[in-house]
Amino acid sequence: MAQEEFEEIVDAFDYLDEWQDRYRHVIDMGKAMSPLDEALKVPATKVEGCASQVWLVPNVEGTGATAIFTFEGESDAVIVRGLIAVLKALFSGLSVREVLNVDARAELNRLGLEEHLTSQRSNGLRSMVKRIQELAGSVRGN
Amino acid sequence: MYDVERIRRDFPILGREVNGQPLVYLDNGASAQKPQVVIDAVTRAYSQEYSNVHRGLHYLSNLATEKYEAVRGTIARFLNAGETEEIVMNSGTTEGINTVAYAWAMPRMEAGDEIVLSVMEHHANIVPWHFLRERQGVVLKWVDVDETGALPPERVLDAIGPRTRLIAVTHLSNVLGTRVDVKSICRGAQERGVPVLVDGSQGAVHMPVDVQDIGCDFYAITGHKLYGPSGSGAVYIRKERQAEMRPFMGGGDMIRDVKKDEITWADPPMKFEAGTPGIVQQIGLGVALDYLMDLGLENVARHEARLCDYVRSRIDGLNWLNVQGTTPDKAAIFSFTLNGAAHAHDISTVLDKKGVAVRAGHHCAAPLMERYGITASARASFGLYNTEAEVDALVDALELCQDLFG
Numbered sequence: 001m002a003q004e005e006f007e008e009i010v011d012a013f014d015y016l017d018e019w020q021d022r023y024r025h026v027i028d029m030g031k032a033m034s035p036l037d038e039a040l041k042v043p044a045t046k047v048e049g050c051a052s053q054v055w056l057v058p059n060v061e062g063t064g065a066t067a068i069f070t071f072e073g074e075s076d077a078v079i080v081r082g083l084i085a086v087l088k089a090l091f092s093g094l095s096v097r098e099v100l101n102v103d104a105r106a107e108l109n110r111l112g113l114e115e116h117l118t119s120q121r122s123n124g125l126r127s128m129v130k131r132i133q134e135l136a137g138s139v140r141g142n
Numbered sequence: 143m144y145d146v147e148r149i150r151r152d153f154p155i156l157g158r159e160v161n162g163q164p165l166v167y168l169d170n171g172a173s174a175q176k177p178q179v180v181i182d183a184v185t186r187a188y189s190q191e192y193s194n195v196h197r198g199l200h201y202l203s204n205l206a207t208e209k210y211e212a213v214r215g216t217i218a219r220f221l222n223a224g225e226t227e228e229i230v231m232n233s234g235t236t237e238g239i240n241t242v243a244y245a246w247a248m249p250r251m252e253a254g255d256e257i258v259l260s261v262m263e264h265h266a267n268i269v270p271w272h273f274l275r276e277r278q279g280v281v282l283k284w285v286d287v288d289e290t291g292a293l294p295p296e297r298v299l300d301a302i303g304p305r306t307r308l309i310a311v312t313h314l315s316n317v318l319g320t321r322v323d324v325k326s327i328c329r330g331a332q333e334r335g336v337p338v339l340v341d342g343s344q345g346a347v348h349m350p351v352d353v354q355d356i357g358c359d360f361y362a363i364t365g366h367k368l369y370g371p372s373g374s375g376a377v378y379i380r381k382e383r384q385a386e387m388r389p390f391m392g393g394g395d396m397i398r399d400v401k402k403d404e405i406t407w408a409d410p411p412m413k414f415e416a417g418t419p420g421i422v423q424q425i426g427l428g429v430a431l432d433y434l435m436d437l438g439l440e441n442v443a444r445h446e447a448r449l450c451d452y453v454r455s456r457i458d459g460l461n462w463l464n465v466q467g468t469t470p471d472k473a474a475i476f477s478f479t480l481n482g483a484a485h486a487h488d489i490s491t492v493l494d495k496k497g498v499a500v501r502a503g504h505h506c507a508a509p510l511m512e513r514y515g516i517t518a519s520a521r522a523s524f525g526l527y528n529t530e531a532e533v534d535a536l537v538d539a540l541e542l543c544q545d546l547f548g
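Protein sequence lines correspond, in order, to chains A and B. Heads up: the first sequence begins at 1 in the numbering used here, then just goes up one per residue. Heads up: the second sequence begins at 143 in the numbering used here, then just goes up one per residue.
Wrong hints could be hidden among the right ones.
[Stated by the list, open to error] Restricting the straight-line Cα-Cα distance to at most 30 Å, the calculated cross-link-like pairs of lysine-lysine (DSSO-like) are:
1) K402/B x K413/B
2) K130/A x K46/A
3) K46/A x K413/B
4) K401/B x K381/B
5) K413/B x K401/B
6) K31/A x K130/A
7) K130/A x K495/B
8) K413/B x K381/B
9) K495/B x K31/A
These are computed hints drawn from the structure, not numbers from a lab.
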């Protein structure tokens with residue numbers, strides 16, 4: 001389900017040759033995302049390593065490697081919020097095992113996002129991916 | 143005649159592209175680019191003239207010492223200090239202000255004594271004073287800017303009380319571009335017997351500075367903002383204040399004699415320069431200051447004032463752009479937010495795609511951001527090599543931002 005959503009984003013990006021249009025797409029996804037409950041924006045959910053403020057809150061249904069992993073997130077920067085939407089499409093709804101098996105760098109490269117984002121922000125993207133897979137990994141460890 | 147195109151050719155980095163676009167470098171407030179003469183001086187120093195200073199008696203040590211010490215004279219000329227010995231060389235304004243905090247302020251301040259600061263200080267002129275607040279109970283008294291971001295001298299002088307021991311104030315705000323009439327502040331403070339430290343990290347870059355005319359006790363500068371190497375700088379310390387200072391950092395070079403249970407200090411300024419200094423950085427700074435003085439700070443200031451006017455004329459009608467700091471007497475530093483969804487990081491990301499380099503964040507001035515009720519802003523800060531065409535590039539890129547985020 002989530003993967004399908006991600007494929008749709010990849011398809012949309014294929015049609016967008018200009019970087020402005022790709023940005024606009026990411027920005028629109030960011031604007032469309034529902035905000036995170038203020039009470040959830042605490043140090044424990046904050047992702048370090050991003051230039052902007054980023055919070056990721058996981059939710060797991062079930063136990064073990066087949067548990068279903070979803071998450072909510074937010075950032076004060078719109079582009080980053082859009083990137084969180086991209087990551088939700090990539091990861092949310094997968095089983096914990098599947099989350100850990102996603103080759104995030106390869107998938108995101110299909111969007112050409114690495115080359116279109118400043119290195120600092122790409123680091124932020126990497127930090128977010130790292131946190132998502134760590135969160136999933138900690139569930140499997142239970 | 144200020145030929146900006148000829149000047150631009152002195153700065154090799156300005157010829158490069160970023161993200162496939164010609165570089166438009168508007169982050170001079172954070173750090174300025176270097177002219178070829180500075181780059182050459184650094185290369186020459188390492189390839190032909192390098193050794194440690196103040197130590198060996200061999201040829202290269204003498205040569206390096208001569209070159210290094212000559213820079214002290216260049217800085218004294220640049221600031222018009224009365225005596226060369228009033229220049230303490232260091233790694234920049236942060237070290238300069240920390241030196242004053244540790245060596246001068248700490249031993250003479252007690253709980254309840256006050257330091258007067260403006261809300262638009264850079265963290266480098268805030269955090270060292272917090273040390274005194276935390277450790278010694280010194281009270282920090284904050285002076286607010288007016289609604290245009292100006293700091294009338296009376297506001298600072300009115301904050302002086304019987305326990306005020308120091309005024310620490312910027313010459314030019316790194317966020318608002320506001321110029322501060324430090325001369326009037328110093329005159330009023332002197333009448334009340336209160337020393338004044340001026341953070342000249344930005345000020346010395348954008349206008350001629352004469353520390354004797356200003357009448358300050360301390361004036362700190364940063365080399366990398368003055369088109370010199372990173373890790374270079376100095377603080378002017380008036381002779382009377384030097385006499386009141388204990389050493390801050392201990393180590394080589396700052397002593398006359400060391401025994402197992404006794405020590406005597408070198409005379410100032412060496413007393414405040416422990417360890418091997420940034421020899422080559424400082425040599426590069428000397429060349430950068432000569433470059434600036436050859437151009438003439440008045441001419442630089444005039445050029446930047448024209449740019450400032452042009453920026454204002456271009457952004458005047460943009461009702462989606464909020465500029466922090468609107469005082470008429472400001473330098474070409476523009477901090478802003480956009481109406482709508484865009485965060486400062488969003489703005490700088492899109493500007494970067496267009497080759498325009500700006501700073502985004504809190505600009506190391508958190509109390510000022512709080513004052514304006516924002517957590518971050520984008521800042522375009524202009525320098526001696528920027529052009530009106532680059533202002534146009536900035537405005538075009540901002541219009542794209544508005545289109546994308548608005």
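ask   = What hint numbers does the structure not satisfy?
value = The structure conflicts with hint 3 only, although it agrees with all the remaining ones.
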